[in-house]
Amino acid sequence: MTDQHKQTILIIEDEAPARIVLADSLSSEGYEVLQSPDGQDGLSMALHAHPDLILTDLKMPNMGGLEMIKELRKDTWGKGAKVIILTNISDLSTLQEAMSEETFFYIIKGDSSMEKVLQSVKTALAK
Amino acid sequence: MDIFLETLSSIAHSSAFWQTAITCLVLGPTAVGVYWYATTGEREKSLVVQLAHDRDTAYAKQAEMEQIGQMGSFAWNFIDPALSYWSKEMFVLFGLVYRSTPPSINDILPYIHEKDRTQAAEEWQKAHTVAGKFEMSFRTVAPSGQTRHVHIAGRSIIAPDHRLSVIQGIARDVTKEMEVDKAKTEFVSLASHQLKTPLTSVSWLAEMLMSEKAGPLNPKQKEYVGNIEDASKRMGEMVNELLSVSRLELGTLALHITEFDLKGLVENTIAEQRHAADFKHVVIDLSYEGEMPRITADENLLRMIIQNLVSNAIKYSPHEGKVQIVFSMSGAAKQAVYMKVADNGIGIPLAEQGQIFEKLHRAENAQVLVPDGTGLGLYVVKTILDRVGGAVSFVSKEGVGTTFTVSFPIAWKDAETIGSGTV
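Protein sequences, first through last, are from chains A and B.
Counted the way the numbering used here counts, the first sequence spans residues 2 to 128.
Counted the way the numbering used here counts, the second sequence spans residues 15 to 437.
For the record, the hints were derived by calculation from the structure and aren't laboratory data.
Quick caveat: nothing in here was measured; it's all calculated off a predicted structure.
Keep in mind that the hints are not guaranteed to be accurate.
Distance condition first, Cα-Cα at most 16 Å in a straight line; then the derived EDC-like pairs of lysine to aspartate or glutamate [as the list claims (entries may be wrong)]:
1) Lys-117/A / Glu-221/B
2) Lys-227/B / Glu-116/A
3) Lys-227/B / Glu-30/A
4) Lys-247/B / Glu-116/A
5) Lys-227/B / Asp-25/A
Could you build all of it, start to finish, from the sequences and the hints given here?
Printed below as a string of C-alpha cells:
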C-alpha cells in the first residue's frame, strides 16, 4: 500500500445511496473516507479533520456546496484545501462561480461513471 | 363589404349616378345631399341607408370579435395604398394609438423586440417577394414597455405583372400560450434535473456491483446488473436530451465557445458510436476532403449534432449496413464546414419528410424499428444549427437510405445571442 492510499477523502453529498457507494468504492481503493450529508456538517468536519481532498455536491440542505467552499476558504487551512465539485448542475454560470473559488474540477455526476470519479480523485491528490 | 362595393358599382353604372355626379361638380358638395335626396327614388334611398348601416354594424362586430380574440387584421396594398388598412386591434397588439392610416412595415419595426427585429424584417422582406401564405412570430414592445408575443398568419398576393399587390393577414396575441409553453418547458427542465440525482445512484450502484468489489456475481446476476447499467445509461441520455431541449427553448443555454481541433472532436465522437455500430456489423466509413481546421464553437453542442446524426444513421441502418461520413470545407473562403452522413437504412417516408425536424415527431417506420427513441434528436440538431447560423437538410428514399447534410460556420456566434441564465 502506497502513501496515497492512506489519504483522507471527505464526501459531502445529501443523496445517501450515491454517497455510500462512492465511499465504499474509495475505501476499497485504500483511502480513508469521511461522509457528510450537508454543507454545514461537512464544513465543520473538514475544518476538524483536514482531509486531503473534499468531494462536495452543490445543492444540499442547510448549506449548499458553493457557500460551504466560500466559508472553507476563510480558514487558514481551508484556503489551500483541495476540492472537487460533484454535481448535476450543468449550468455554466454556477460552475464558473464555483471554479473561481479555486476548486480543482467539477464532475457532472449523471454523466460520469464512478471509475471517472476515481480517476479525478487520483489526479487531484497527485497534484 | 363586398355587397356594399357591388351595389355602389351598380349605382355607378346607372345613368342616374352620372347625373348625380355631374350635378355634384356643378352645384358643389353642400348641395349634393339635397339634390341626391330630391332625385333618388325611395327604394334606392332606403337601400343605401341600409347598406351603410349594415357596413357599420359589420365593422363594429368585427372590431368586437377582434378585441375578444386579441386578434387584428391588416392589409398593405402596394398598388393602391388608399386601400391599405389596419384594424384597431392591430394598433393594440403593437401598443400604438389608433389612427386611420396604417403604418408601413418600416414604421412598425422599431416596435418589434430588438432580438426578434432582424428576423422579422427578413421575413417581411420574404413576404414581399414570395407569393402565398406565410407565418411569423415576434415580440412587440409598446412605447409603454409592455411586451406581447404576436403570431402572424398572412398571404402575399403578387400581381400578374410581378409587382407586389397585397400583403394581408391576421395577427394574434399569443402571449398567454407562450407563457404556458414556457411553464411546461420549465417543468420538464426541473423534472429532468431532479431525475438525474437518483439516476446517478442507480448507475453507480450497478457499476459497483458489476465491478464485484462488493462480492462476486453469478453469470445471471451479472447479466441483470449489466441490463440495469445499460438502462440507466439510456435513461441518462434521454434526460440530458430533454434538458438540452428545455434549455434551448427557454433560451438559457449559454454557448461555451472555445477553440479546438475539429478532427479530434469528430474522431472522439464517432469512436463513442463504434460499439453500437459493431453490434449491428455496420461499417462506418469516415473521410475528410482536405485539411480540417481548428474551429471556435461550442464543443458540447457540436458533439451533440454529430452524435445525433451518426447514431440515427446506425440505428436505422440494416444489419451489416454502411454509414458514410464525409467532412469538407465550403468554397474558397473556407468559412463553413460541411458534414454529410449517408446511410443505406430504412429511409424517411415521403409523407413524413416535412415533419422530421418537429419536436417529438418520429416517422412510423422508425417507431417500428426503434420503439424507444425520443423524437428529440433531429429537433435538437436543427435548433442548435438555427441558433449558430448553420443549416441541416436531407434527401431520403424509403427502403433505400438517407443522407443528411449539415453546415456550420467555423466561428460560431457569441453566447450573448443565445441568451444566458440558469435552469
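Going through the hints against the structure:
Our distance criterion of 16 Å between C-alpha atoms is met by Lys-117/A and Glu-221/B, whose separation comes to about 11 Å. At roughly 12 Å between alpha-carbon atoms, Lys-227/B and Glu-116/A fall within 16 Å of each other, so this suggested pair holds. Under the criterion of a C-alpha separation no larger than 16 Å, the hint pairing Lys-227/B with Glu-30/A is consistent with the structure, at around 10 Å. The hinted pair formed by Lys-247/B and Glu-116/A meets the criterion: a straight-line CA distance of about 15 Å does not exceed 16 Å.
As the CA atoms of Lys-227/B and Asp-25/A are separated by approximately 9 Å, the hinted pair is consistent with the 16 Å bound.
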